[in-house]
Structure formats: C-alpha cells, structure tokens
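Trainee: Keeping their order, the protein sequence lines are chains A and B.
For the first sequence, the tail end lands on 914 under our numbering, and the numbers increase by one without skipping.
For the second sequence, the tail end lands on 914 under our numbering, and the numbers increase by one without skipping.
Honestly, the hints are just simulated from the structure, not real lab data.
Careful: at least some of the hints might be erroneous.
[Stated by the list, open to error] Once the Cα atoms are required to be at most 16 Å apart in a straight line, the calculated EDC-like pairs of lysine to aspartate or glutamate come out as:
id, chain 1, residue 1, chain 2, residue 2
1, B, Lys638, A, Glu446
2, B, Lys420, A, Glu446
3, A, Lys638, B, Glu446
4, B, Lys443, A, Glu541
5, B, Lys542, B, Glu508
6, A, Lys443, B, Glu446
7, A, Lys420, B, Asp633
[As the list claims (entries may be wrong)] Chain B is faced by these chain A residues, among others (derived, beta-carbon under 7 Å):
id, residue
8, Ile422
9, Thr424
10, Met454
11, Arg457
12, Gly640
13, Gly641
14, Glu645
[To be verified] Distance ranges between label pairs, derived from CB positions:
id, chain 1, residue 1, chain 2, residue 2, range
15, A, Ser482, B, Met694, 39 to 47 Å
16, B, Lys515, A, Thr820, 56 to 64 Å
17, A, Val762, B, Gln620, 42 to 50 Å
18, A, Asn667, B, Gly737, 28 to 36 Å
19, B, Glu647, A, Tyr665, 33 to 41 Å
20, A, Lys545, B, Met694, 28 to 36 Å
21, A, Pro730, B, Gln620, 56 to 64 Å
22, A, Lys535, B, Thr503, 44 to 52 Å
23, A, Ser824, B, Met694, 24 to 32 Å
24, A, Lys473, B, Glu446, 53 to 61 Å
25, B, Pro442, A, Asn865, 52 to 60 Å
For every residue, glycine included, the Cβ atom is placed at its ideal position computed from N, Cα and C.
2 protein chains.
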Amino acid sequence: MTKTLMSSYKKLLEKMKNIVTLHSAASILHWDMETMMPPKGIEMRSLQLAMLSRIGHKMSTDPEIGRLLKETMKHPEYSSLDPVHKRNLYLIKKSYDEQTKLPEELVVEASKQQAVTIDTWKKAKANKDFAKFKPELEKLFKLKKQAAEILMQVKETATPYDALIDIFEPKMTSETISKVFKELREGLILLLRKCETSPKQPDTAILKRQVPIETQQKIGKLLAEFIGYDVTSAKSGGRIDETEHPFTTGYYDDVRITTHYYPNRFASSIFSILHEGGHALYEQNLKSEWMFQPVGDECSMGFHESQSRFVENIVGRSREFWTYFLPKLKKLTGNVLSDVTLDDFVHAINHVKPSKIRVEADEVTYGLHVIIRFNLERDLFADKITIDELPQVWNESYSKYLGVTVEDDSEGVMQDTHWASGLYGYFPSYALGNIYSGQLLYCMEKEQQDWRSQIAKGDLRNVKQWLNKNVHSHGNLYSPPELIKIIAGKDLDVDPFLNYLHEKYSRLYGF
Amino acid sequence: MTKTLMSSYKKLLEKMKNIVTLHSAASILHWDMETMMPPKGIEMRSLQLAMLSRIGHKMSTDPEIGRLLKETMKHPEYSSLDPVHKRNLYLIKKSYDEQTKLPEELVVEASKQQAVTIDTWKKAKANKDFAKFKPELEKLFKLKKQAAEILMQVKETATPYDALIDIFEPKMTSETISKVFKELREGLILLLRKCETSPKQPDTAILKRQVPIETQQKIGKLLAEFIGYDVTSAKSGGRIDETEHPFTTGYYDDVRITTHYYPNRFASSIFSILHEGGHALYEQNLKSEWMFQPVGDECSMGFHESQSRFVENIVGRSREFWTYFLPKLKKLTGNVLSDVTLDDFVHAINHVKPSKIRVEADEVTYGLHVIIRFNLERDLFADKITIDELPQVWNESYSKYLGVTVEDDSEGVMQDTHWASGLYGYFPSYALGNIYSGQLLYCMEKEQQDWRSQIAKGDLRNVKQWLNKNVHSHGNLYSPPELIKIIAGKDLDVDPFLNYLHEKYSRLYGF
Chain A
404 MTKTLMSSYK
414 KLLEKMKNIV
424 TLHSAASILH
434 WDMETMMPPK
444 GIEMRSLQLA
454 MLSRIGHKMS
464 TDPEIGRLLK
474 ETMKHPEYSS
484 LDPVHKRNLY
494 LIKKSYDEQT
504 KLPEELVVEA
514 SKQQAVTIDT
524 WKKAKANKDF
534 AKFKPELEKL
544 FKLKKQAAEI
554 LMQVKETATP
564 YDALIDIFEP
574 KMTSETISKV
584 FKELREGLIL
594 LLRKCETSPK
604 QPDTAILKRQ
614 VPIETQQKIG
624 KLLAEFIGYD
634 VTSAKSGGRI
644 DETEHPFTTG
654 YYDDVRITTH
664 YYPNRFASSI
674 FSILHEGGHA
684 LYEQNLKSEW
694 MFQPVGDECS
704 MGFHESQSRF
714 VENIVGRSRE
724 FWTYFLPKLK
734 KLTGNVLSDV
744 TLDDFVHAIN
754 HVKPSKIRVE
764 ADEVTYGLHV
774 IIRFNLERDL
784 FADKITIDEL
794 PQVWNESYSK
804 YLGVTVEDDS
814 EGVMQDTHWA
824 SGLYGYFPSY
834 ALGNIYSGQL
844 LYCMEKEQQD
854 WRSQIAKGDL
864 RNVKQWLNKN
874 VHSHGNLYSP
884 PELIKIIAGK
894 DLDVDPFLNY
904 LHEKYSRLYG
914 F
Chain B
404 MTKTLMSSYK
414 KLLEKMKNIV
424 TLHSAASILH
434 WDMETMMPPK
444 GIEMRSLQLA
454 MLSRIGHKMS
464 TDPEIGRLLK
474 ETMKHPEYSS
484 LDPVHKRNLY
494 LIKKSYDEQT
504 KLPEELVVEA
514 SKQQAVTIDT
524 WKKAKANKDF
534 AKFKPELEKL
544 FKLKKQAAEI
554 LMQVKETATP
564 YDALIDIFEP
574 KMTSETISKV
584 FKELREGLIL
594 LLRKCETSPK
604 QPDTAILKRQ
614 VPIETQQKIG
624 KLLAEFIGYD
634 VTSAKSGGRI
644 DETEHPFTTG
654 YYDDVRITTH
664 YYPNRFASSI
674 FSILHEGGHA
684 LYEQNLKSEW
694 MFQPVGDECS
704 MGFHESQSRF
714 VENIVGRSRE
724 FWTYFLPKLK
734 KLTGNVLSDV
744 TLDDFVHAIN
754 HVKPSKIRVE
764 ADEVTYGLHV
774 IIRFNLERDL
784 FADKITIDEL
794 PQVWNESYSK
804 YLGVTVEDDS
814 EGVMQDTHWA
824 SGLYGYFPSY
834 ALGNIYSGQL
844 LYCMEKEQQD
854 WRSQIAKGDL
864 RNVKQWLNKN
874 VHSHGNLYSP
884 PELIKIIAGK
894 DLDVDPFLNY
904 LHEKYSRLYG
914 F
C-alpha cells in the first residue's frame, strides 16, 4: 500500500473505532436500563440514549467518511489491497451509503414513533387490546416502509422487505427464505405429527418441581463454567443478571448475558443461560486484532442465532450433555430430582408440543412460529394484507400450522416486541439460525466424530474450538451466503437440520 | 423578556440540557465501572469515557454558546431578567469562559497523565513505594498548575491555588480557609486533648462483633427507609451497591449510593450509608423545574459534604437516633448486641482517637486530617514545598497535629486518591462541610426545638423538610458564601460546629 492509501484507510478505521466505542457505551446504558436502573430513571435514560444515537448518526454520516472512501476505493492501488482491507472498505461504504441516504427527519421521526409504539404495545398487550395498538403500529410501519423503499434503492434489493432483511442477514433474500422455509415447514409439520401421535410421551411434571432461585443461580454458574463463559475470575469478561426477557449484549471484553429464574420452571434459566451463553461465546471469540473494525463484527443475526441454538439445543438438550450434567443438577437440588432417570429427564426437556408462544416453543415447532411471522411480514410489505387484518391472519396461521387456537391478541399477534420496536425483517434470522446450526453440526461431525462422548465427559473444548475456527474467527469477513458456503461447501440447506431433528426425535419418541 | 432575548436564552438552556445529559450518561458508565463491569472491560471503558469527555468538552466550548451569551447578556433588556435567568447566564458564562480559555492540548494531556498517575498510584500504594509514584505525580501536578495559572486569569483569583478551590467551592479563597481552619484546628485540638485525657473511655470492642453481610444489607435498607432514600419501590430513584470505597453518583431521578460491608466492622456500612444517603437526598431534592439548568445543580462540594455529614454525624451518631434505631439493630442482629446499652453503644460509635487514615477518622479529628492536606496543597502551589518533600512534611504534620507516627507512605501521603486524580483544591470542602453543618444545625434548632425528640421517635421528616427548604431547594442559585449568609444570616463561622462538638463530647466523655 502506498502512503496515501494507507493513511486514508487508517483514518477510516479510526472513525470506525469511534463509532463502535460510542455504540458500546450506549449498549451499557441499555443493559443498565434493563437490569439495574431505578424505575424513576427512565426519562433521563431515554434522553441519554437518544443523544448518543444522534451523535452516533452524525459520526456515521460524517462527509469526511465519504471523502476518505472515495480516496481509498478509487485509488490506483486499491486492487492490490488484501481481502480484509477490501471487506472493511466495503462494509464502511455500505453502512455510509445507507445511512446518508436516509433523510434525518425520517430517522428521527421513526425513532420517536418507535418509543410511542413500544409504550402503546406494552399497555395494549396488558389489556389484550389490539385496537389500541393498531394506529401506532400503522404509523411506525408506514415510516419503516418509507425507509425500506429508500434502502431498496441503495442496496439494490428486489423488494423493500428484502432491504430490511439485508440489515440483519446481508445478501439474504425473501425469495430464498420463502423457498427454504417451505421445505422447513413441510419437514417440521411431518415431524410434529409423528411426535404428537407417538404413544411414547414424556412426563413434563418433573420440570415443574420447585428449585429455589439461589440454587438456580449456582446451576447457572456451573453452566457458564461448562461452556467456558467466565463470569467470576479476575480476568472475567462477562456476567449473568436477571431480566424479564433474557438477552446478550456487549463487545469482545465485556459481554453480558441475562436470564430469568422461575422457582417452578428451573429448566427455563438453564436453557436461557446456555442460549445466551452461545451468543456470548461468539462475541468474546471474535478475532482480537479486528476489534473496532467492521470485519470484527459478527457475520449476521442468523449466524448469531446459530451459535446460541447450537449451545442451547444441539449441545444443551442432548442426551450426552445430561449424562454429564444431570448428576450435578441432582446434587445441587438436593432430593428434588433424585428419582428422575436420565431418559425421562432428556425426554421431558425435549417435549414436542404445539403452543401459542414462540419463546416457549420446542425445537420442532419453533420454526413454525417464525415462518408464520415471516409470511405476515412479507405480505404486509407487499400490500397483500393490512395491519388491520394481522390478528385474523395470525390466528388462522396458528390454527393451520400448529393446530392451536389463539384466545386473544396478547398471546397472539402482540406477543413479541419486534414489530412494536420497528424490527421488520428480523424474525427470519431465528429460523435461519436453526438451519445454519444443522449445517454446522453436519460439518463438525465429520471432523469430530466423538464430540458426543466428549460432551458426556463434560468436555466442550473441541466443539468450541471447532466453532471458533469455523464461525467466530471469521468475524464479518464474509457475507452469510459466502460463510455458509466456505464452512459447508454448499448453500443454505435445510436437510442437515431436519435430519438432526429426525434422528433425535425418532429416538426420543420411538418412531 | 422580548422574543429575541427569550429565544437566545432558551437556546442556551437547550445546549446546557444536552451537556448535562451527556455527563449523566458518563456518570452511569463510571458507576458501572466501579460496581458491575467485568474486569476485562476496563480498556474499552476507558475509551468510552475518554470519548464522552471529548464530546462533552466540544459541546461545552461550542462557539455558538459564546455568541448566544453575548446576545443575551448585552441585550438592552438583560437587566429586566429575573434572578434565576441571570444566575443561569452567569453560570453558563463562567463555565464557558473557563473551558474555552484552557488549551485543548493541555486538557487532553492532563487527562492522559491523570490515567497514568492513578494507575501508578495504585501500584505504588500497594508496594509502599512513594519513589515510584513521585515522577508521575510531579508531571500531573505541573499540568494542573499550568491550568490553574490560566484559570486564575479568567476567575480573577489571588493565586493559582485559589482558582482550583473555586472549582469546588466557588468564591471561597485560601485566605478565608486559612483563617477559619486556624480556628477550627485550635478548637479541635483542644477538644481532642479533653477526650484523650478523660478517664471515661468507650468499649469499642462491641463494634467488632461479627454481623453477616446479608444482615448488614437488611440494616442498610432500614436506614435508607429512615432517611427516605427509596431503593425498593416501583417509583424508586435510587439503589445501594457495594464498592471498595463508598460514593454517591447521579442526578435527580437516578441517584445511586455504594457502601462496603465488613463482617467484623458492621458500623462501617451503617455510617457510609447514612453519609452517602445524605449526599443522595441533596441530589434528589433539587428543584425539579430547574432540572438540566445550571441553577439546578448543587451549590458546592462543601455544601454537598454538609448534607452527608449532617445525616451521618449530627443525626446518625446522635443519642436520639440510636434511641430509636438500636432496638431495631438488636432485633436484626439476633443476640449479637443484646447485652449492649444505649450509652455504651453511642459512646463507642463516637470514640475520639487520633488515627492515620482520614476516611476512618472520628468527628473531632477528621478536620485535622483535612487541614493538613489543605496546608500542603497551598504550600505546594506557592512553591514553599516540593513534591519531593511531601512525605516528610506529611509525617511531621501528623505527628504535630494528631500525635501519630506514620510508618510508611501508603498509610501516609499516598492514602487518598485525590492528588493522583488531579483533584487539587478539593480537600478543603470536607472540613467546610463540617463547618456549614454546624451553622445549619444552629439555625435549624431555632425553628425545630424538638428535632431530637422527633428523631428518637424515628421521624426525620421535619429535619429533612428544613434541609430541603434551606439548602436543597436553592440548588445553585447562590454561591456558597451567599447561601450560608442567606441561611445563617452571617458568614462562614466555625463556632456553631465547635459548640456542637463541645456539647456532644463533653457529655460523652464527662468533661
């Protein structure tokens, strides 16, 4: 690299470092808001976050970035740059072009409307009153659609909805998703029927036995230790706290997860800690030399979800993990679970049963919840349905796909925060994560034939190393379609995930 | 106000609101760093705080502020503004003039050197090695002196050191402090001799009885309830956490305190919670319509300290408070304190004994620790002594004023973080707080003759109301000398504090 090219590139990276630093500060304020903040602090916190978001937007749209981008990307020696440099420049340009094309009034108005819509959603959900929620959702949807129409031009996507998907899963299209979700749906419904009609059904009452919160906290620390998510040492870069809805937040050296402890549902905190722990391992194991650079980000929300699902389900709900961990759980819980056999426990935590609430769904039905949301989003943005019709279409879909009757909109269309928060195009990531995790498992098994017996001995090191090498360490060097191709040698493919499920559940349910 | 004057004034206030919001965000990040952050997060946190500080400096020195100040303060109708408007403008101008006069390189260099000096101080303190600390302290001192020399011009103070005092205690001078500290020193030393030579000495062994941390946490919540610092309700604007050194941070609706629980020194958390709680009540009871305005700040660090000392010592170490609270403490601690009488307990928590560590000092000797530091600072800035000579002069002063022998510099000149943190001119506030608290007590007693019997019944409401009305609600409308004159009808005066001490300790020690 010649001196000018190098110096412009470094200036760009310095600007990125500032933007990332600002975002990381804002994410601590978000975390504090959910976990620690005294309730009265909410108004001041909103002001603080709005201010950081304004400053962040200004930094991200600084014309100097545009100038430096031109200087580097039109430089005669640009083509001699290595792939990391080029990827950084590509990602900086993508974000800059998108953010500068969105009119500031639209960004500000959408962010204000978002706050109102979330607030209204909370109240409407508590009162089971979709009519109250509807007008605010309509306003937010309209603003987000306007933004999507602008982004569609910049991103050159086929539809506005595709432009939103691209935010969370770059280069993914609604066409591809429609195709793979169709296969996924058919596979899942088939499996669901088999599980439902099997005479062999688990006794899930054992999961309702009382385990005090203090004991669950101890279990949580053991789980963190098992996956190698350090929350106690003097070199720790993580912590576990309690919130209504579990989440992971942070960056590299400070990555925090939350869980919720229910005394009469001890499995809830176990699996949320494994799930969020999977997210945390991804963040903590990104390449340290790429910290603060765009390539130092995770690949996509779908890949993020593949990591959480891998640790939660493929590892955490496996017979082998519980071969190792059930004796520990029994010891910690005194005589609460002493009579429970390994087989009974593993079947109970893998109970397949259609339900109305996504976040409580099992591995088999989970994808169906996501597919319903994707179909609705896609049709909303294509003007095939209206916000007005959402509850009806939602309820019909739940009846058709899952065979459940939604009693009211709070357990129906208003159950998730995403739409109230303006997160359209996000839902597909959840199911894509499952699909990726199946492909990852398939590949890992070829290299680590005895991974299951290692887990049964409590040893996750090789699994983690494999994930580090094949997923985490690539950061955001590739787009999701590129990354899955590099790892699996082929495109997004539902089969490995469906095969994994079939193998697992045929054994559990005896079909 | 005419429209232009009004609109410029409002624009200024809007800018102040942004600055305060940014500072409040930074203070949450500071709090998190001390209480919650995983250790590995420290480097990223330093970057975040440095960035917010840079942004804050830029906002505070925005030339638009200078323009708007001219527009308002030179406006023909300026003189018709009310005192609140005028005070806001005065405070904005003061801060703007000071910050714009300091060269940015000096600010940045001092802030970098500060981080290095603090880090070196921590290590040097652990190794009792002043020689290691000295060169970094010298560098920081030099930079701070440069800044003081510039500020001296802007603030028009008599000496550079006076310019630093003015940061924490506006309009206060080292001349006034020297005068009142002389009287204070004489009074305190006289009292100290009387206490030391009294045959009546307390049994302090009772304060070393073991009280588990969980019990101390319950005691802490009861204390918070007593002073009306809400940390549990759905409308709570506060919380109590644990740190090595207790502190208070926050603004209006989100004010947090910390304490430290020692199983073998239960009184430590009791008095730190009362002390920090006194600070918190001040912040929480500032006038809500002045929120985000300069007048909505506290008056000074000295007045802040007067509030913490009032609650900790005048209320919290009074016989009447323990008449009410000792039975509760006994109940919470099981049979740990069942044999202790009220008289013995009150004398034990008011044990007067010269010591080497400021933060552990009693009410009588505390001022002497502060006076030693003030003398050293004043002489350092006047080039009468050098950093090199600090340890020797420190040790001689401790021997002379307190009759104690300092064994090493870690329990001597390196005990406090202030000088390593660049906080010169701060120490006097601690003793000024005591002096103000004496004047406040004197005035309050004239209006609330039976305040002690109210406390004995567990009722702090009238005391709090008096402090709210006379101190908190004035915010930063007056300078400290003006405020004490308004409250007490006279200038800073040591007598009421010395009289309070004499009355209290003559009774305890029987002289």
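Trainee: For every hint, state whether the structure bears it out.
Mentor: Verification of the supplied hints:
Using a Cα cut-off of 16 Å, the hinted pair lysine 638 of chain B and glutamate 446 of chain A holds, with the two alpha carbons roughly 12 Å apart. Proximity of lysine 420 of chain B to glutamate 446 of chain A is assessed by CA-CA distance (about 13 Å); at most 16 Å being required, the pair is judged to hold. A threshold of 16 Å between alpha carbons decides the hint, and for lysine 638 of chain A with glutamate 446 of chain B the separation of about 12 Å falls inside it, so the pair holds. For a cut-off of 16 Å, the pair hint linking lysine 443 of chain B to glutamate 541 of chain A is broken: about 44 Å separates their Cα positions.
Between lysine 542 of chain B and glutamate 508 of chain B the CA atoms are separated by roughly 15 Å; this keeps the pair inside 16 Å, and the hint holds. Under the criterion of a C-alpha separation no larger than 16 Å, the hint pairing lysine 443 of chain A with glutamate 446 of chain B is inconsistent with the structure, at around 30 Å. Simply put, lysine 420 of chain A and aspartate 633 of chain B have alpha-carbon atoms about 40 Å apart, too far for the 16 Å limit, and the pair is violated. Residue-level restraint check for isoleucine 422 of chain A is violated (minimum Cβ-Cβ distance to chain B is 10 Å; threshold 7 Å).
Proximity of threonine 424 of chain A to chain B holds as hinted, the smallest CB-CB distance being about 5 Å (cut-off 7 Å). Taking 7 Å as the C-beta contact cut-off toward chain B, the hint placing methionine 454 of chain A at the interface holds, the least distance being around 5 Å. Restraint check, arginine 457 of chain A versus chain B: the minimum CB separation of about 9 Å is more than 7 Å; hint violated. Hint status for glycine 640 of chain A relative to chain B: holds, with the closest Cβ pair at about 4 Å, below 7 Å.
A least Cβ separation of about 6 Å between glycine 641 of chain A and chain B falls short of the 7 Å threshold, and the interface hint therefore holds. Hint status for glutamate 645 of chain A: violated, given a least beta-carbon distance of 13 Å to chain B, over 7 Å. Judged by the Cβ atoms, the range 39 to 47 Å given for serine 482 of chain A and methionine 694 of chain B is violated: they are separated by roughly 56 Å. In this structure, lysine 515 of chain B and threonine 820 of chain A break the distance hint of 56 to 64 Å, their C-beta atoms being roughly 42 Å apart.
Taking the beta carbon of each, valine 762 of chain A and glutamine 620 of chain B are about 33 Å apart, not inside 42 to 50 Å as hinted. Under the hint 28 to 36 Å, the C-beta atoms of asparagine 667 of chain A and glycine 737 of chain B, about 32 Å apart, fit the expected range. With their beta carbons about 34 Å apart, glutamate 647 of chain B and tyrosine 665 of chain A fall inside the hinted range of 33 to 41 Å. Here the CB-CB span from lysine 545 of chain A to methionine 694 of chain B is close to 34 Å, well matched to the stated 28 to 36 Å.
Between proline 730 of chain A and glutamine 620 of chain B the beta carbon distance is about 34 Å. The supplied range of 56 to 64 Å is therefore violated. Restraint check, lysine 535 of chain A to threonine 503 of chain B: a C-beta distance of roughly 51 Å satisfies the suggested window 44 to 52 Å. Between serine 824 of chain A and methionine 694 of chain B the beta carbon distance is about 28 Å. The supplied range of 24 to 32 Å therefore holds. Here the CB-CB span from lysine 473 of chain A to glutamate 446 of chain B is close to 33 Å, at odds with the stated 53 to 61 Å.
At roughly 28 Å, the beta-carbon separation of proline 442 of chain B and asparagine 865 of chain A lies outside the given 52 to 60 Å, and the hint is violated.
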